[in-house]
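A.B. asks: Sequence:
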Amino acid sequence: MTKTNYQKGKVMALREFMEEGNTISILEMMAMFGVQSPTRTLTHFREEGMIIHKRKVTMLSVLKRLNKFCSFQEPSNLPVKEILMTEYWVGK
Numbered sequence: 012m013t014k015t016n017y018q019k020g021k022v023m024a025l026r027e028f029m030e031e032g033n034t035i036s037i038l039e040m041m042a043m044f045g046v047q048s049p050t051r052t053l054t055h056f057r058e059e060g061m062i063i064h065k066r067k068v069t070m071l072s073v074l075k076r077l078n079k080f081c082s083f084q085e086p087s088n089l090p091v092k093e094i095l096m097t098e099y100w101v102g103k
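Residues 12 to 103 in the numbering used here are what the sequence shown spells out, letter by letter.
Careful, some of the hints might be misleading.
For lysine to any residue, the following SDA-like pairs were computed, each having C-alpha atoms within a straight-line distance of at most 25 Å [stated by the list, open to error]:
(1) K92 to I62
(2) K65 to R76
(3) K75 to A42
(4) K75 to G60
Honestly, the hints are just simulated from the structure, not real lab data.
Work out the full structure: start from the sequences and follow the hints.
C.D. replies: Written out as structure tokens, the structure reads:
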């Protein structure tokens, strides 16, 4: 019986998602793909020659995007319009 490397599959799925032109935040990487070390994964992508761009967006925009795939409910007193998160995408 061969041992499956699930972490490798998660990273491959994330790579394909980003190469399709999608933007993604660290929260989404963890929730949607189960990537346990998103920053390290992005570093590996860069080392492999991928051009990764980034920008700051509100947490609200990340939660709206994330809620298309799964259900996240922020606490009522969390200022999601004021909290900034970083989103990443692949460039040329």
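A.B. asks: Evaluate each hint against the coordinates.
C.D. replies: Comparing the hints with the structure gives:
no.: 1; hint: K92 to I62; result: violated (28 Å)
no.: 2; hint: K65 to R76; result: holds (16 Å)
no.: 3; hint: K75 to A42; result: holds (14 Å)
no.: 4; hint: K75 to G60; result: violated (30 Å)
Checked against the numbered hints given earlier, the structure breaks hints 1, 4 and satisfies all the rest.
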